[in-house]
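> The whole structure should be built from the sequences, with the hints applied where relevant.
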Amino acid sequence: LEAFAKENLGPTCSPANLELCSPEQKATVEKFMAMPFADLKKLVEEKDAELKKADEDFDEMLKGLQAEYESGEKKKEEEQKKIKDAGLGIMKSVQAQRNKGTKSDL
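Be aware that the sequence shown starts at 3, since it is given in the numbering used here, and climbs by one per residue.
If you're looking for bench data, these hints aren't it; they were derived computationally from the structure. Any given hint could be a false lead.
Unchecked claim - Taking lysine-lysine pairs in the DSBU-like style, the calculated list, with each CA pair at most 35 angstroms apart, reads:
#1 Lys-28 to Lys-8
#2 Lys-28 to Lys-65
#3 Lys-65 to Lys-55
#4 Lys-65 to Lys-8
Here it is as structure tokens:
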């Protein structure tokens, strides 16, 4: 827990804390700091839109999986009902009764 806190809590690399940045992170911060604000704003909006699209695509995939699951569940239940309606319960009762008779014959 302490290691997690040290690694994930407190100050991190940012324009206000460049001393906490790796050389690669520092170069990235400096690149964005040098960008005109309008360009940076547009880039942030594009990346936010990409994140939103990724979330929407994931949600659509989940809906498809949910529909597929529900369809499979319904099919399974229908098949189980059909099997039971064909006399499975009675078959098992007869089998148990006959099995008792076989054991008593021994």
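> Confirm or reject each hint.
Against the structure, the hints come out as follows:
Under the criterion of a C-alpha separation no larger than 35 angstroms, the hint pairing Lys-28 with Lys-8 is consistent with the structure, at around 21 angstroms. Between Lys-28 and Lys-65 the CA atoms are separated by roughly 41 angstroms; this puts the pair beyond 35 angstroms, and the hint is violated. A threshold of 35 angstroms between alpha carbons decides the hint, and for Lys-65 with Lys-55 the separation of about 15 angstroms falls inside it, so the pair holds. In summary, the hint linking Lys-65 to Lys-8 is not supported, as the alpha carbons are separated by about 39 angstroms, beyond the 35 angstroms threshold.
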